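Chains A and B, in that order, give the protein sequences. Take the first sequence: its letter number 44 is residue 43 in numbering that gives the first Met the number 0, and every next letter is one higher. Take the second sequence: its letter number 138 is residue 137 in numbering that gives the first Met the number 0, and every next letter is one higher.
Read the hints as simulated data drawn from the structure, not as lab findings. Quick caveat, the model's predicted, so the values are computed rather than measured. Every residue, glycine too, gets a C-beta built ideally from N, C-alpha and C. Please note: incorrect hints may appear among the correct ones.
Unchecked claim - Cβ pair distances, simulated, as ranges:
no., chain 1, residue 1, chain 2, residue 2, range
1, A, Leu213, B, Glu215, 53 to 59 Å
2, A, Leu343, B, Asp308, 30 to 36 Å
3, B, Pro280, A, Arg319, 31 to 37 Å
4, B, Asp134, A, Asp313, 52 to 58 Å
5, A, Ala211, B, Arg327, 30 to 36 Å
6, B, Ser26, A, Arg254, 56 to 62 Å
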Amino acid sequence: MTGSPREAAAAPLLQVRGLEVHYPIRSGLLKRTVGAVQAVDGVDLDVARGTTYGLVGESGCGKSTLGRAVLRLTEPTGGSIRIAGEDVRAMGPEALRRARRQMQMVFQDPLASLDPRQSVESALVEPLRVHGIEGGPSAWRTRVRGLLDRVGLPSGAGAKYPHEFSGGQRQRVGIARALVLDPDLLVADEPVSALDVSVQAQVLVLLQELQADLGLTYLVIAHDLAVVKHMSTTVGVMYLGGIVEEGPSAQLYARPLHPYTRALLSAAPVPDPDVEATRERILLRGDLPSPADPPSGCRFRTRCPWVQPTRCADERPALREVAGHTGSQRVACHWAEEIEAGTLSRADAA
Amino acid sequence: MTPTPQTTPPAGARPLLEVEDLRVRFSRRGQPATTAVDGVSFSVDAGEVVGLVGESGCGKSVTSLAVMGLLPSRGTRVTGSVRFDGTELLTMAPGQLAARRGKDLAMVFQDPMTSLNPVLTLGRQLTEVLRAHTDLDRAARKAEALDLLGRVGIPDPRRRLGEYPHQLSGGMRQRVLIAIALACSPRLIIADEPTTALDVTIQAQVLDLLTTLVRESGTAMVLITHDLGVVAGTCDRVNVLYAGRVVESASRQDLFARPRHRYTSGLLAAVPRVDAPEGTPLQPVRGTVRDRLEWDAGCAFLPRCGRGDGACRTGGIPLAPTDADRARHPDHEARCVHPAGATT
């Protein structure tokens, strides 16, 4: 088959199609459903084995909900999720419990996901026991100690309690906890945003080393554009429940096509005064619209500097490839070509 | 009162804010005292944006609270000198200082949700500061509040005056806080991580707003942040703090072009950048701020430093220009025995 690069690649480890997470809004005496918060609305994504997919977007765009829905920690209301070809949404409770061995989550605040009264070693042995991993207690403890060492914690860390660790060490514990069942897929939701700048790099490097050593596949969710770029093979930019642009990391950052991606990149601070002095900022108007009542057509149109009187309001743009961009960069904008060619004038141009 | 640009002091006059050898010690019964700020000095001129940069626990926020006289008096010992326009603030009577706070000195905090009163309308909170510090009547205060909301870019200010903080988005709340800070045309604004809680596009809007206001009105600003990218875009002069001391002080251009202290250069190499070429490796700084030496025993950063040696184990390393900078950049100072790029 000589199709697009997407088809040519081996079957992806994670395949998401048309994923929807709608939260009902109930109102009145009978708590009738009067509407829905469309937190995630029609997302497709493929993550190839051993690669990292970075999801970036601002608060409220639905990126965390998407990450949780992929693991069914939040129940999706539509669409399909396949991990290694298996339909995760069709699984019953027992099948899902067994499948969780393959898919684990790293949270932003690992302290909140650890029992404060349980030593780290006992907390990490628990999943091995629950899942009936062969070997018995002493083999489990050996495995946990090996992992704690692997993630760079000092020996004796297993006997300590979560509060005894610094922020960076806690995130290492969180990573070890996610790895204890030897999963294939790790969903990491803001894995470093709670950490000090100097410690962030340590955790990012650790995640990359672990990926290389263990062949892990990552879905990394973050609001920090630089972190996502550094970690990811492919990047998806989310806005109000949908992916507006997707592409290989370097390509997307070098030539962003969607107006929102352009605005995000133009706003990301760079530790270099010369870059800061010369760059052109695209300032967005207003705030994020409510996901309970998203704008018709293109959801970004209410804030888009290039919004046009036609199409934008009445036609929701689908992700599509743009001529002149080889590879798999895709954008959900009707006017991407014209914007790139500079033939559309910006509404905010003075 | 219409906001009028403050008269800038003549060139060569003393700086607007002078902080000298500021020390803050916290003590709790039954526990050893901790020194949060350990001899910090810096100055700010009118119309200037000075950055205090560092990670959690470096003393940047405590420094700002000490300048504003907002630290609790119990268990806190503040020494040194904080002069505002020549007047010593540290020894000032609490009532006198309170009269200047909000009027001459204003502060913008990180979290706009906890800094605004949830049960008072925005109009009430905006006019409160005007009532305390000006003799405007009710109608004039309201007009001024409307004008302020307009200046910070809040659409439909008339309707917003009657609204409560929860009805606003995070970016809007931060704008309201800035409007309150600006209400009496302060001569100095201290902004403590003003954009950390905000999304990147909103952050750009708020920083733009703050720097424009500073440039236009000649207000001085101290910007406290952990984000080197924010510093690069806004500050004229930067002080890098580590373990309660300034370890490097330079103009923005010099700091990023020639970082001297190993902590500064280490941080710059550890931060991922959106404009980095693909495959640029990160060079993490090892350890955490907990791994520190007492300043009396040597450089606090030594346990995490890749370059340090026995020579760093001496107390009293001065903040001074490096040999490479002494002639051409005498105002670029670093507290480092083996400064980066200084041997070539």
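Results for each hint:
{"no.": "1", "hint": "Leu213(A) - Glu215(B): 53 to 59 Å", "result": "55 Å, holds"}
{"no.": "2", "hint": "Leu343(A) - Asp308(B): 30 to 36 Å", "result": "59 Å, violated"}
{"no.": "3", "hint": "Pro280(B) - Arg319(A): 31 to 37 Å", "result": "34 Å, holds"}
{"no.": "4", "hint": "Asp134(B) - Asp313(A): 52 to 58 Å", "result": "56 Å, holds"}
{"no.": "5", "hint": "Ala211(A) - Arg327(B): 30 to 36 Å", "result": "44 Å, violated"}
{"no.": "6", "hint": "Ser26(B) - Arg254(A): 56 to 62 Å", "result": "57 Å, holds"}
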